[in-house]
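What follows is each chain in one-letter form.
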Amino acid sequence: MTGVVAAGAHQTGESAIFWVLAVISVAAALGMILTRKAVHSALMLATVMFSFAVLYAVNEAPFLAFVQVIVYTGAVLMLFLFVVMIIGVSSTDSLVETIKGQRVAAALVGIGFVVLLLVGFGHATLPKTTGLKDANANGGNVMGLARLIFTKYVFAFEVTSALLITAALGAMVLTHRERLRPKPTQKQLSKERIKSDRVAPLPPPGTYARHNAVDMPALLPDGTISELSVSPVISRRRTGEHEDLHGASPEVVARQDTKTVKAVIDKPVEVEEEEQ
Amino acid sequence: MTDHYLVLSAILFTIGAVGVLIRRNAIVVFMCVELMLNATNLAFVSFARMHGSLDGQIIAFFVMVVAAAEVVVGLAIIMTIFRSRKSSSVDDANLLKY
Amino acid sequence: MLTALIAIPAIGALLVALLPKGKDALAKRAALVVTLIVAVLTVVMALRFKADGPRFQFTEKYWWIKQFGVHYAVGVDGVALVLIVLSAILVPLVVLASWNDAERSGGVDNPPKRSVKTYFALLLSLEAMMIGVFAATDIFLFYVFFEAMLFPVYFIIGSYGGPQRSYAAVKFLLYSLFGGLLMLAAVIGLYVVSANAGHGTFLFDELRNLHIAPTTAKWLFLGFFIAFAIKAPLVPFHTWLPDAAGQAPTGAAVLIVGVLDKVGTFGMLRFCLELFPGAAKWFTPVVLTLSVVGIVYGAVLAIGQVDIKRLIAYTSISHFGFITLGIFAMTTQGQSGATLYMVNHGFSTGALFLLAGFMITRRGSARIDAYGGVQKVAPLLAGTFLVAGLSGLSLPGLSSFVSEFLVLVGTFTRYKVPAVIATVGIILAAVYILWMYQRTMNGPTAEAVKGMSDLSKRELIVIAPIIAIIVALGFYPKPVLDVINPSVKQTLVQVHQQDPKPTIAEKGSHQ
Amino acid sequence: MTTMNAALAAGEVVQHPHAATGVLSATWLLIALPLAGAAILLLGGRRTDKWGHLLGTAMSLGAFLVGALAFAAMLGQKGDDRTNLVHLFQYIPAGSLNVDMNLWIDPLSISFVLLITGVGSLIHIYSIGYMAHDPDRRRFFAYLNLFVAAMLLLVLADNYIGLYIGWEGVGLASYLLIGFWQYKPSAATAAKKAFIVNRVGDFGLSVAVMVMFATFGSLSFQNVFGHASEASHGTVTAIGLLLLLGACGKSAQLPLQSWLLDAMEGPTPVSALIHAATMVTAGVYLIVRSHVIFELSPDARLLVTIVGAATLLAGAIIGCAKDDIKKALAGSTMSQIGYMVLAAGLGRPGYVFAIAHLIAHGFFKAGLFLGAGSVMHAMNDDVNMRKYGGLRKYMPITFATFGLGYLAIIGFPGLSGWWTKDGIIDAAFEKGGTSGQILGWLALLGAGITAYYMSRVMFMTFFGEPRWDEDVHPHESPRVMTIPLILLAIGSIAGGAFLIAGDRFANFLAPVVGEPEAGHKLITPYTVIVFALMVVGVGLAYVQYLRRPIPRTAPAGNVATTFARRDLYGDALNESLFMRPGQWLTRLTVYFDNRGVDGLVNGLAAFIGGTSGRVRRVQTGFVRSYALSMFVGAALVVAALFLVRI
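Chains as they are written, first to last, in the working numbering: chain A, 3 to 278; chain B, 702 to 799; chain C, 16 to 526; chain D, -13 to 632.
Careful: at least some of the hints might be erroneous.
To be verified - DSS-like, lysine-lysine: derived pairs with alpha carbons at most 30 Å apart:
id	chain 1	residue 1	chain 2	residue 2
1	B	K798	A	K130
2	A	K261	A	K189
3	D	K36	C	K465
Derived from the structure by calculation, the hints contain no laboratory data.
Chain A on its own, in the form it takes in the complex (with noise of 0.2 Å):
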C-alpha cells in the first residue's frame, strides 16, 4: 500500500499511469456502448472499472480502489453477468435505432455536453492540489475513512445500511413469484403425465439436430422442431437467432407437437397401402 501511496509523490509515475489508463477507460467506456452484445459490454465495463480502481489508487485513496474491485467488479458486475446470463448471453441489439434522430441527437447533446464542461474546467480556477499526506497522517487512509464514517457520517451511514436491506428485499420481491397452486406430487405428476398425450420424456434438445446446444431445439419426425425441447425462458428471448421458436406456452406447443408426430404417424400407413 505504501509503495502505491509513494507512487503519487512522483509526478512522472502518475501521469504515465494516468495516460494508460485514461486512454484504456475510454476506449473500453466506448467499446461498451457500441458492442452488440450484453456480455461484451459487460466485460468493457469490467475493463474500465479496474482502470478506476488503479486511478484511485494513484489518488491516495487505497480504500476505495479495493472497495472498488470488491464490490464493483466483484459483486455488481457478477450480477449483471447472471441477468445476461438469463436473459440470453448471446443476444444482440439490433443496430436499428426506431427512435427517429435519437442517435444523431444523443451524439451531439453528449459532444456538447463534454465541450460544455471542459470550457467549464478550462476557465475554473482550481486549489492547488494539497495531497491527503495531513488526512491520511492518523492511522492511515482507512482509519481516516472510518473515523469519519463513524462520526461525521454516522447518520448517512445507517440510513445506508436502511436503504441496502430494503434493496435487498425489494429485489426478493420483485422477483419472487407468488406459488399459486400447491407443488404437484410425484403421484400427480406420474397422472398428468399419463393423461397427457406424451407419456414418454421431452425430447432433449438437439435431438436429431446438428448441435447440441441448450438453445438448438430437438427435430421432430417430419423436420420441424420442437419448441417443447427448449427451455421456455430461451424459447421466450426475441433475438431473432432461432425464427421457429415462438415463445408459445408449454401447453400449445405439447399440442402442436402431438399434431405433428400423430401426423407422421398416420402418413406411413397411406405409404404402405400405396406399395401394396
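The hints should help you fit chains B, C and D onto chain A, whose structure is shown.
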C-alpha cells in the same frame, strides 16, 4: 495533474450518458448508468485529493453503496419485466404514454 | 364564537365522513344535528350583535404564518353577519331537503351507488367554509376559504349531479379557479404594496388605510373584481352557473346560488370597494353597464329556457345584476338594498330551487314541458312555488321587493338611465316566472303528473320556514336593515361617497 | 307663470295630517281583518272548507263596520282636521330614505274604504251562493279577502311605497282570481296576461317613485305634495306621465287595455268586484290622490284627458260588438273608467265627479255584473247573449235589478249615472278652448254609444224570444244572491243623487282636492243633448235587437264590426309589436348565449384541449427520449451556469 482526472471523468460521464441514450438493452443501459456513477466517483476522489480532505472519498464510498443497492433493485425490475414481456429492451416497455 | 361556527361543521364533516359504511341514517341525522347546532349558535350570535357597536365584532386574531404576515383573523360586520345567518339557516334546510337525494343521484334509470355519508360530509365542510369566507378579516384567510369552497361543490356536482354532471363540475371548477388565480395574484400584489409601504400584512383593517398608487390599484381591483364577477356571476362570466345549478343536486344548487355566489357580491362590497375606492369609482361605468346588461340579458335568457333549474339559474343572473348595480351605485340605499338582496335572493331562489327539486324528483324530468296542471294534484307544492316565484319577481309584501326597490331607488338618485333600464327587469321577471308557473302548474293536468303526490311532511318542514322568512322580511325588513346600515355607511365613508341630495334640497342650498 | 299660479293653487290644498285618535286609530283593523281571514283560510287548508266562506264574509263585513265607524268618527271632525295619520311601524330605513308604514285617513280614502268594504261585502255574500258548488270555494274566499286587504292598503297608505304594495297586492289577487279556474288554459293565460300588462304599468309607477325620491328625498304624500311646487316643471311632468302609465295599466286605459277583456275568464263575482267596481278604478284614485302633481303640469293633465277620452270611446265601441255578456260589460267598464280618467284629468271640478262616478259606477256595474252572473247561473254558465232572450219572466228580481243598473249606466235622468256622468261631460266643456270642446263632444258621443250597447245587452238578454239551448231551464237565483243585487240596485238609484245633489260630496272631499266652485248647475244645454243621444242610442238598439230576430250565431259583420270584435286589434298589435319580436329576441339571445358566450368559453376549452392533445404526443413512452430531454436539460443548466458565471 488533478484536473486531468476531472477531464477524464467528464468524458467518461458523457460516454455513459450517451450510452444510456442510444442503447436499448436494459442491462446495457444499466451498465452505462454505472459508468456515469463511476465517473463521478473519480471526480470526487480527485477533488478529495485536491482539497486535502477525505470527505470526497466518503461521498464516493456512499455512491458505491447506493449504486449497489440501485443495481440490485434495477436488475430485479429488469427480470420481472423480462418475465412478463419476454424482452429486455427498454423500447418495448412503452405503455406509459399519451 | 366565529371559530366555533367554522369548527363545528368542519369537525362534523370529519365525523360524518369517518362513520362506518352502511350507517347512512346515522350520517344524515348527525349532519342535521350539527347544522342545527350551528344555526342556533348563529342566531344567538346575531342577537348579541350590537348594530351601533364597533364595525367588526366577535373578532379573533392569531398569527398563522408570521413570516408572511398572515393572520387567522375573523370578525363580522353587519353585512357578513346577515350572510352568515343566511348560510346557517339554509344549510340545515338543505340537509333535510336532500335527505334522500344522495341515494337517488345520477339519473333515474340506473342510479349509481353513491356514498350517502360523503354527500353530507361535503355539505358540512361546505358550510364551514362558507361561514369562514364571510367571517375572514384577513385577506389571505379569505382567499383560502374562497378557493377551498370550490372543492366540496366540485365533488357534490361531479358525484351526485345530473346526467351532464362531470361537464358541469369541471366547468364550474375551471371558471372558479381562473378567477381565483387572478385573485391570488391581486392578493400577493396587495401584500407587496403593503410590504413596500413598510409593513407587510394581509389584515383587512390595516390594508384599508393603505395608500395604493392609482394604476396599481386599478390592476389589483381588476384581479379581485374578475374573481368576484365570475363567482357572482356577472355577464359575461355567467355561463358556468346554468350548467352547475342545472346539474347539481337540488341541495347543492340551493347553496351554490343562494350562498356561494353571494361571496362574489360580498367580496365586491367588502374588498373591491373599500380597498380600492379610487379604482372602484373609475370602473363604475363598466360595472354598471355589465349589471344592467346582466339584468335584462339574464331575464330574456330565463324566458327562453326549457329546463326549470336552468331557468332559475338565469333569473339569478338577472338578480345578481341588481345586486352589483346596487353596490356600485354607491349610495346608502343601493348598498343596503344590495346586501338585503343577497339575503332575500338566497331565501327566495333557494325556495324556488328546493321546490323545483321536489317536483323534479317526483316526475324525473327537469323540462318545463314535462309538466302541466300540477296545481290540481299538488296544491301545496304549487302554492309554495308560486309564493317563492312571486318573491323572485319582487312582488311587494315579499322580501325581494324591499331590496330591489332600494337598489333601484339608490341607483336612480345617482345614475338615472341604468336605473330605468334595470326597472324593465321587473316586467321581464313577471314574464319568466309566471310563464313558467303557467306551463308547469296551470292548465289541464298532464298525464305524466296525474299521480304526483303533494309535499310530504319533511318537505313541508323544509319549505315552511323559508316562506315564513320571505313573508316576514317582506313586511318587516327593519331588523335586517338596521344591522346592515352601519356597515354600509362605513363602506361609503371609505369610498368617500355621499348620497346625492334631493334635487329640491339642492336648489334650496343654492339660493 | 302658469306654473307659479298652479303652485299657489296647489298650496291651498296641501293636507296637514294629525295623529288619529279614537276609532280612527283602530283603522289598522281594516286591513288586518281581511288579511287575517286570507291567512287563516290559506294556511288552514281543507280543514276550513266548511266555514271558510262564512269567515271570509265575516271579515269583510267586519272591515266594513270598522270603515263605517271611522267614517262616522270623521264626520265628527272639523273639515280641515279630517286628515288623520295612523303610525304602524317603520318599514324601510336606509340612509336618508325612511319609509313608514302609516295609514292616511282622509275623506278621499274613507270614501274608497266604504266602497271597497261595502260592495266587497255584498259580493262576498253573493259569492256564497254563486260558488256554492265549487270545490275550492274556500280558496276563492281567501283570495277575495286578500284582495280586500290589498285594496284597502292601496287607498290607505300615506306614501307611494305603501300604495305600491297595495297596488301590486291587488294585482296579485286579480292574477289569482282570474286564474282561479287555472285548469282552463284560457284562464291561466288571461291571468298571466293581466299581471304582465299590469307590470308594464307598474314600471311607470316604480320609476315615478324613484324620481320622487330623487327629487323630494321622501315618498310620503305629505312631503311630496308639500314640496311639489319646488320641483322643476320637467320633473313634475315626468312624474305625472309615469303615474299615468301606472294608472293606465291598472285601470285598463289605452294603450294597456288589452288584459281587461281577457280577465273575464275569472268567476263573475271577481269581475264584479275587481274588474268593475274597485281594482280597475285604482288608477283614478292614483291620479286624484296625486292631483297636486298633475295640477302643476298641464301637459300631463292633457295627456290624462286624451287617454281617458280615447279609452271611453274604444271601450264603448268594443262593448257594442261583443256577444259574450261579460265582455260586453267589460268593454263598458273600460269606457266608464275612461270617463273617470277624463274627469280626473280635467282638474279641480273634475275630481269630485271622477270619484263620484267611480262610486256610482261601483254600485251599478257591480250590480250589472252580478246580474250577469245570476243570468249565467240560470243558463248553465253560458255567456253568449245570442243564446239568451226573454229571461225577464223567469228571473224577475235579476231583471229588475239589472234593469235599474242599466238605466243608471246609460244616464237615465235621476238615477246615479245621470248625476255623475253628466257632470263629467259638463266639466269637459267647461274646460274651455278647443281641447275642451273636442273632449266634451267625444264624451257626449260615448254617452250615446253607451246607451246603444247597454240597450243591446238588455234586449238580447231579457227581451225577445228565448233562444236557449235545449237543456237550459232558467230559474231565479237563491236569496243569498238576489239580496246583494237588490242592495246594489238601491245604490245605483240613489247613489248619484246622494253624492252630487247640494254639492255634498264636493264639500266632503274639499280638504283633499280643494273647495268646489260655487254654482254648479244641474241642468245645462249639454245635459239635454246627452239625453237626446241616449234616446237615439236606445232607439237604435231597439230597432236592431228587439224588432228584428237575433240569429243564434253571430253574422259575419262588416269591417267596423270585425274591428270592434277584435278589440280594435289591440291584441293583434301587442302580438306583432311585442310578443313576436320578443319571442324572436328570446330565441336569438338563447342562441347567442349558448353559441356565442358559452361557445367562446367552450371554444377556448376546446382549443386548450386540442393543443394539449397535440403536445402530449411528445410523451412517446420511450424512456430514452425522456432521458434525452433530461440530458439536454442538464446541458442547458450547465450552460446557464456558465453564462451567469462567465
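| Holds or violated: are the alpha carbons of K798/B and K130/A at most 30 Å from each other? | violated, 50 Å
| Satisfaction of hint between K465/C and K36/D, Cα-Cα up to 30 Å | holds, 26 Å
| query | Is K261/A close enough to K189/A, meaning Cα to Cα at most 30 Å? | reply | holds, 27 Å
Checked against the numbered hints given earlier, the structure breaks only hint 1 and satisfies all the rest.
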